[in-house]
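Novice: Using this note's numbering, you'd call the opening residue of the sequence shown number 1 and step up by one each time.
Hint data in this document are derived by calculation from the structure and do not stem from the laboratory.
Among the hints, a few may not be true.
Claimed, not checked - Calculated cross-link-like contacts (lysine to aspartate or glutamate; reagent style EDC-like; alpha-carbon spacing at most 16 Å): (1) K224 with E170; (2) K30 with E48; (3) K30 with E371; (4) K256 with D388; (5) K256 with E41; (6) K82 with D116; (7) K256 with E170; (8) K30 with D187; (9) K224 with D312.
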Amino acid sequence: MSVALGTTRPLPVRTTPVGDPGDLLASLPKTAPFAWIRHGEGLVGWGEAARVEVPPGPRRFAWAREWLAEVLGDAHIDDAVKTPGSGPVAFGTFTFDENAPGSTLIVPRTILARRDGRAWLTTVGEPRLAPFAPIRTPGRITYSDGSLTAPEWEHIVARASRRIRAGELEKVVLARDLLATAERPIDVRLLLARLSRRYPECYAFSVAGLVGATPELLVRRTGKHIESLVLAGTTPRGTSAADDVARGAALFASEKDRHEHECAIASVRQTLAPLCASLHTPDEPELLVLPNVQHLASHVTGRLADGASVLDVVAAMHPTAAVGGTPTGRAIEVIRELEGMDRAGYAGPVGWIDAHGDGEWGIALRSAVVEGRRARLFAGGGIMGNSDPASELAEAQAKFRVMQYALEG
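Given these sequences and hints, build the entire structure.
Specialist: Okay, here's the thing in structure tokens:
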């Protein structure tokens, strides 16, 4: 159901407390599920009460905000729970490049949620039964090159490094894609279940065909309090416990990775400071250890100075240096020139927002665009002047394994 500005009718919304639903993902029907899950908590949804394709361009977040204000602001809400994520919620995905089409906002007809020991059910409009079918595996998966072969991608990494050494820019994040084809249609519910079990520290998400598990929280807004988790600097996991510790220590000591992380933190600080009455960024990163990689990570917290919604903060932050580069404008130009592909929603904002402006948005890393029997996987990494193309390719391959595991089990 597409809804244009100026044509919406007030949505009747009802939220009621429910008992513990158990596995949230087990409640999802087969058709186009929505999800945002971490450590078994979060929101899942199905059906569409309202949907819109956000026009591309520099005003896309402002346009989305106006649409949300009309659709959610005019809703007739009976909310007995009154917590972030109760009442009407819009799930969204925005393309990495503001000029690319494909950004989408959807208000599900039904939302089931659990958070901090509470669970609730929200219905929008008349409740409808959703078709449920057993989860089926996709069968054998075959892979083929995406936009560039591995040697071609190593070549553009080398070109980017030369341009950084020449002083054109400080850092650029380059991505690559991998195409997967299954024997049978790919059931998004299976991917979500595997991702949430294997990567519980990550946010498993599904919005409009974009599916993944991101470790990077772009922003969480709860009232005036905001949080962000900045990741930049990565190494694969070791082959043994000792190798794992050594790799983590080498990452922490790496001049290249520490500089990359400092660029990312500076980018977040610069964009959040004008919005915040107070802002805290740590002096030193910590190691975030995931099943496939280790990251340098920094937790950023702040208090908003005014009534900015979570989407306003997303608009200010995207693209961060962690997914674009430094300086941002020049890095985006280099990405458009060298990558040779449309990132779609990869490395763009993905998450949810409620009628009060609270919500959680991540950066769509470790993700794939799924359609029928096909999936387009994405991975990338930060390129510096001293980057080694073979090492950067190995890092991207390690990141592909997240969605390869989701497909293959």
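Novice: Broken hints, numbered, in rising order?
Specialist: 1 and 5
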